[in-house]
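Engineer: In case you want the letters, here they are:
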Amino acid sequence: MDTRVERIRSEAKRLLESGEVDLVIGFRKGSIPMVSRPWFVRTVEDTELLHWDGFCSLNLCNYLTKRKEKVAVVAKGCDTRSLVGHIQENQIQREQVLVLGVPCEGMLDRRALQERAEGTEILEVVESDGRVEIRGRGLERSFPRQEVLQHCCRICRHRNPVLHDRLLSAEVEEHQVERYEDVEEIDSQSPEERWAYFQNMLSPCIRCYACRNVCPHCYCTECFVDCSRPQWVGKSLDLNDVFTFHLFRAFHMAGRCTDCGSCERACPVGIPLRVLTRKLEKVVSERWGFEAGTDLEQLPPLATYRPDDPQDFIK
Amino acid sequence: MSARRVGREALKGFITGLMEDGRTVWGPQEFQGSVRFRPLKKNGTPVLDVPNATLSPKEVVFPPSEWMFLFSTDPGREDAFVLKEVPQEGPEQVILGIRPCDARAFQILDRVFLEQGAHEDPYYRSKRDRTLLIGLGCNTPCSTCFCHWTGGGPFHTEGLDVLMTDLGDVYLLEPVTERGRALLDALQLDEAGADEVERGKHIAEEARASMGEAKDPRRIKEKDLMALFGSPFWERAHEACVKCGVCTYLCPTCSCFDIQDEVRGACGFRGRNWDTCMFALTTLHASGHNPRPTGKERFRQRFMHKLKYFQDDFGDVMCVGCGRCVQYCPANIDIREIIEALSA
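Residue numbers (this note's numbering), protein chains in the order written: chain A, 30 to 344; chain B, 116 to 459.
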C-alpha cells in the first residue's frame, strides 16, 4: 500500500481517538476509475476507507467554508493555498483546522488518459514508479506520469503544502515553470480575434455552475447570478448572460484563485476556464507581485488599500 | 423481410436521404470538449463510434432555453405588454444515433409533458410530434451503464422508431414503429440478409450479457415514503455533493424549468430555461423562506423524486440508467449506491 495512505489513515485515527478533531476530511476511492470521492470521517472505523492516489484532485478546502467544528483536512499544495485564502477572508479560523499536508506529484488528467485509450473504456489505472498504466477490455498501455498530468499540475509552482501541521511524506521538488504561455498567446491576438475566441470557448456552457460550486473561493451567501431582487443577469443560454456569469466570476477570483483546476475538471462540456483566471492571476502578479494563498501574513492586494496606491486609472 | 442495411461507407448517402423533404437530422457531434446532439450539416457525419453523448438529446425536444411568448414594452403601442405566442412550427426532424436509454427517457418526458394532468405542454408537443428516433444499440455498454436496472437494455426499442445495429462493416436498420417503417421504405434501402439480422441478434445478446447483475429499484416503491424521507441516510450521503447542476442537466429524464421574462429595448420575451432541484434558488419563496433550506434537502429531493415519488405516481423510476450523472459528477455521487441503499 502507498505509505501516504497508511499515514493518512493512522493520523486520522489518532486525531479522532484523541478528540483533537471532530472530523477528518480526506478522500476515499471512487466508485468508478479515475475519480476519488471526498470522504468525511467522524469514526475510527471510517478511517479505513481513507485513500490517496493521482485522482484526489478536488480541492477539499471547498468543504471547510464556515465550518464550526474542529476539523483535520488532507491537503495538497493547492488546497493549502486556498485554505490560506480562507483564513485571510475569515471563512475558517486557523486554530480550527489541522492540516495533514501531502506533497503532491501532480494529479492525473482523466480526459487525457481517456483520449489515449483510443475509444476503449478505462476500467483500471495503476500508478507506480513515475508511470501510469491504463487497463480496459483488450487495453493495456502505460505512460510516464509527467505526460498525463493535468495542465494545472504541469505548471504548478507550489506542489508542497504552504501550510501544514503534519507532513505525510517527504517534500517534492518545486519547479519554476512558465505559467502563462497560452494566456500570452490569446493576449497577442486582436480584440476581434479574442472576442471570437471567447465566444467560441463559452458557447458550450449549459450554466450548471459546477465551476462555481467546486470552487472554494466561490462561497458568497448569495451568488450574483442567483440574486432575484434585483436580478443582475439573465438565466438563459444567451451568450451575453453566459459571458456575464463567467467574466464576473473570473474577476471575483482576481488575487484569490490558486489555480487548483477544480473548475475546469468539473466542467462537463470541457470549457478551458482557467485561461480567464490565469490572465487575472498574471495581472495581479505583475501589478502587485502577489501570489494568492502563499503567505498568511501578506494582505491580498484587492482586499486592502494604501493611501499611496497608484490611482492613475481613475480618469 | 423488413430489416434494411446501410454500408458504413454509405452512411453519408443515407443521411442525405434523411435530409430530403427538408428534414433536420440531429446527430452526436464533437462540440469542443464534449459530444452533443447538433443538426448535421449537408455531408456532415455523426460521431457514432464513441460511447453516449455528453448531453442527452433531450435538448432537441426540451431545449435548455426557449422563448414561449413575445411582447412589446412600448407604451405607445396598442398591444403593449400583450403576450403573443412564439410560433412552434418547425421542420420534421430525425435524431440519429440516440441510444436506447435516451429513447426510453423520451417516454418518461412524454409522461411529464403530455400525459400528466389535464394540459399538455405545447412547446414539447410540437417538437416531439415531428421527431423520429433512429437509435443506435450499444455493442459495448460502459461500466457506468445500468439501463438494465431500470427496465431497459442496450438494444431495447421502447421509444425508438428504428433500431440501428453496428455490424462493423454495415449498419442494420430494423423498424420499430409504423413511422419508422415508412421512413425506411421511402429511402429504398437494401434489404438486410437473414445472416445480418442474426448477427445483430447475437451482438445484442452479448452486449446484454456483458452488463452484470441488475439491482431492482422497483423495490423502493414498496418502501414507506416518510421512512425514506426521514431516514438518517441523507445526512451523510449528501456531504460530498457540491450541489451543482451537472447531474440534472446531463440527465435525459430531468424536466424542471424556470420561466423568466427578459426585455431588450422595447422587445420583451417570456421564456423557459432548464432549472434544477440542486439549486437553492429553485425553491426560494418571495418571502425569503426556503422549504429546502440546505443541501441535504435538495440532494434528497433529487433522489426521492427519481426513485420514489415518480414511481409512486407513474409506476417507473425516473431514471434510465444512462450513467451520465455517475460519469460526470465532480464529487463521485453514484446513483447506483443510492438505489441500493434505499432499496435495502
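Treat the hints with caution; some may be incorrect.
Said to hold, decoys possible - EDC-like cross-link-like pairs, simulated, lysine to aspartate or glutamate; straight-line CA separation at most 20 Å:
1) A:311 <-> A:216
2) B:411 <-> A:251
3) A:58 <-> B:273
4) B:411 <-> A:134
5) B:242 <-> B:193
6) A:95 <-> B:354
7) A:95 <-> A:144
Unchecked claim - Reference excerpt, derived from the structure (chain A facing chain B, CB under 8 Å, subset only):
8) 91
9) 173
10) 243
What the hints assert, rightly or not - The following residues of chain B were derived to be distant from chain A, with all beta-carbon distances above 10 Å:
11) 122
12) 149
13) 165
14) 310
15) 322
16) 388
By construction, these hints were calculated from the structure, which means they are not laboratory data. Ideal Cβ placement from N, Cα and C applies to all residues, glycine included.
Engineer: Each hint should be assessed against the structure and marked as holding or not.
Structural biologist: Results of checking the hints against the structure:
{"no.": "1", "hint": "A:311 <-> A:216", "verdict": "holds (11 Å)"}
{"no.": "2", "hint": "B:411 <-> A:251", "verdict": "holds (18 Å)"}
{"no.": "3", "hint": "A:58 <-> B:273", "verdict": "violated (36 Å)"}
{"no.": "4", "hint": "B:411 <-> A:134", "verdict": "violated (34 Å)"}
{"no.": "5", "hint": "B:242 <-> B:193", "verdict": "violated (32 Å)"}
{"no.": "6", "hint": "A:95 <-> B:354", "verdict": "holds (14 Å)"}
{"no.": "7", "hint": "A:95 <-> A:144", "verdict": "violated (39 Å)"}
{"no.": "8", "hint": "91", "verdict": "holds (7 Å)"}
{"no.": "9", "hint": "173", "verdict": "violated (24 Å)"}
{"no.": "10", "hint": "243", "verdict": "holds (5 Å)"}
{"no.": "11", "hint": "122", "verdict": "holds (21 Å)"}
{"no.": "12", "hint": "149", "verdict": "violated (4 Å)"}
{"no.": "13", "hint": "165", "verdict": "violated (7 Å)"}
{"no.": "14", "hint": "310", "verdict": "holds (26 Å)"}
{"no.": "15", "hint": "322", "verdict": "holds (12 Å)"}
{"no.": "16", "hint": "388", "verdict": "violated (5 Å)"}
In this structure, the earlier hints numbered 3, 4, 5, 7, 9, 12, 13, 16 are contradicted, and the remaining ones agree with it.
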